[in-house]
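A.B. asks: Sequence:
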Amino acid sequence: MAEHVLIKDVGKHVDEEVILSGWVRNKRSSGKIQFIILRDGTAEIQAVAFHPNLTDSQFEKCENLTMESSVKIWGKVKKDERSPTGYELDLTNIEIIQIAAEYPIQKKSHGVNFLLDNRHLWVRSRKQHALLKIRHTVYYAITTYLNENGFYRYDSPILTPNACEGTTTLFKVPYFDIGKAYLSQSGQLYAETGIMSLGRVYDFGPTFRAEKSKTRKHLTEFWMMDAEAAFVKHKENMKIQEELIRFVIRQVIKKNENELKTLKRDIETLRKADAPFKVITHKEAIDLLQTKGYDIGYDEDFGAEEEEAITEDAEIPVFVEKWPKHIKSFYMKIDPDDKDISLCDDLIAPEGFGEIIGGSEREDDYKILKKRMKEEELPMDEYQWYLDLRRYGTVPHSGFGVGLERLIGWMSGVRHIRQTIPFPRMINRVSP
RNA sequence: UCCACAGUAGCUCAGUGGUAGAGCAGGUGGCUGUUAACCACUUUGCCGGGGGUUCGAGUCCCUCCUGUGGAGCCA
-15 MAEHVLIKDV
-5 GKHVDEEVIL
5 SGWVRNKRSS
15 GKIQFIILRD
25 GTAEIQAVAF
35 HPNLTDSQFE
45 KCENLTMESS
55 VKIWGKVKKD
65 ERSPTGYELD
75 LTNIEIIQIA
85 AEYPIQKKSH
95 GVNFLLDNRH
105 LWVRSRKQHA
115 LLKIRHTVYY
125 AITTYLNENG
135 FYRYDSPILT
145 PNACEGTTTL
155 FKVPYFDIGK
165 AYLSQSGQLY
175 AETGIMSLGR
185 VYDFGPTFRA
195 EKSKTRKHLT
205 EFWMMDAEAA
215 FVKHKENMKI
225 QEELIRFVIR
235 QVIKKNENEL
245 KTLKRDIETL
255 RKADAPFKVI
265 THKEAIDLLQ
275 TKGYDIGYDE
285 DFGAEEEEAI
295 TEDAEIPVFV
305 EKWPKHIKSF
315 YMKIDPDDKD
325 ISLCDDLIAP
335 EGFGEIIGGS
345 EREDDYKILK
355 KRMKEEELPM
365 DEYQWYLDLR
375 RYGTVPHSGF
385 GVGLERLIGW
395 MSGVRHIRQT
405 IPFPRMINRV
415 SP
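Quick note: the first sequence, position 414, residue 398 per the numbering used here, numbers continuous.
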């Protein structure tokens, strides 16, 4: 008898007796026969309890099962064409670990707020389970790609003395005698310090924005990967971003076929995105929007609708590069060929999933950077360490930040990113 | 912060100014192949809070609260 078999592996044990452990997803009964849907985190299987083959006590235990009860089940694996998974278990014995109390999440549809209130239980549902597996794959794929391409993990601090880009969107926390600290809204500036030691680095951690955003693309706590590389310039930076994202797409298709099916995500749509990305300049993007009838000028940022319009006809992601410097950050390098342009890029996912990467070549000239920081009225004392990087052996370098949840949202075809993280934090929700 | 919409049973919702409803869940019983199983019976209410109009308000008005969708900002 094979003990502690995972449901995903039952195919290796056809006509053998196995022991499975898991939770009861659902139960149906018809007099002398009961159907128990068992899940164990790896997959699901239907266990069939047929009264004439069991003792009264065993059958009664099956009758008493409630949704989400935890059990250990003995049975023989059978191939069965009637089963959606191809296999069934002929139950021979059952041990109840716990009869679950009345489970709040039902087989019928629920409202968003109720599900979020029960997020600690909602994660067990099929779709959420699939999304969490895809999240794992995306996370793992990003770090695998970086590890295989010479990037060292170099973690940025979460408690920071001040903002990367202004203080209005920072969460403030009390901090001993110093008075206050802030939760990081980006690890990028710290990542830049790492490349002067390690050449190529990345951080990957939670970041925080106290912005009162209330859209399907925003969380107040989200995960971001910041990669930074010495001696890499603007065009090569975009190439790294493209290779990374295409690697992620391939990994998700390879490892999460079942999950994509559960989510009704069309795999072909994803496969088509694994192709050379389109590159347009900000100016070309504005031209495109103007021909589509949008009232937008060359010195403006896009709104949500415009961002979607840029990729609405595209099956592959679009890089929008070389933005006017005044709508982009101070640390971005000015284009040597055009003093009003920053050497930066936004990567916009197709199908309206929005911006998933922001990247740029960084300003490596001490004087230019200092001048720009003064223009932005940044507290120079706090940023002296950042300026120091341009005094002690400055080099051309570039980097980018990937928004994990948005990338997962695109991969899985889920419009609202609150489902792509185990416990979403939003403007009016910090629990459970 | 702004705009729009919503709040009625555990959940999802219906409810024309005149007795508070359905489906699901829960409970009891039935059924040897169910796939959100089905069939019969059955328990469950501060109609978000406060104020007003009215003989009478779940329904109309004001206000507050909570949530949802979107905008702005961004990843």
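If you're looking for bench data, these hints aren't it; they were derived computationally from the structure.
Please note that the accuracy of each hint is not assured.
Once the Cα atoms are required to be at most 30 Å apart in a straight line, the calculated BS3-like pairs of lysine-lysine come out as [stated by the list, open to error]: (1) K91 - K111; (2) K239 - K(-4); (3) K238 - K256; (4) K198 - K312; (5) K355 - K238; (6) K164 - K11; (7) K111 - K164; (8) K196 - K219.
A.B. asks: Work down the list of hints and note, for each, if the structure agrees.
C.D. replies: Against the structure, the hints:
1. A threshold of 30 Å between alpha carbons decides the hint, and for K91 with K111 the separation of about 13 Å falls inside it, so the pair holds.
2. For the suggested pair K239 and K(-4), the alpha carbons sit about 19 Å apart, so the restraint of at most 30 Å is met.
3. Annotation: proposed proximity of K238 to K256 holds, straight-line Cα distance about 14 Å (limit 30 Å).
4. Between the alpha carbons of K198 and K312 the distance comes to roughly 22 Å, so the proposed pair stays at or under 30 Å and holds.
5. With a C-alpha separation of about 48 Å, the suggested pairing of K355 with K238 is violated against the 30 Å cut-off.
6. Under the criterion of a C-alpha separation no larger than 30 Å, the hint pairing K164 with K11 is inconsistent with the structure, at around 54 Å.
7. Simply put, K111 and K164 have alpha-carbon atoms about 41 Å apart, too far for the 30 Å limit, and the pair is violated.
8. Between K196 and K219 the CA atoms are separated by roughly 34 Å; this puts the pair beyond 30 Å, and the hint is violated.
Checked against the numbered hints listed earlier, the structure breaks hints 5, 6, 7, 8; every other hint is satisfied.
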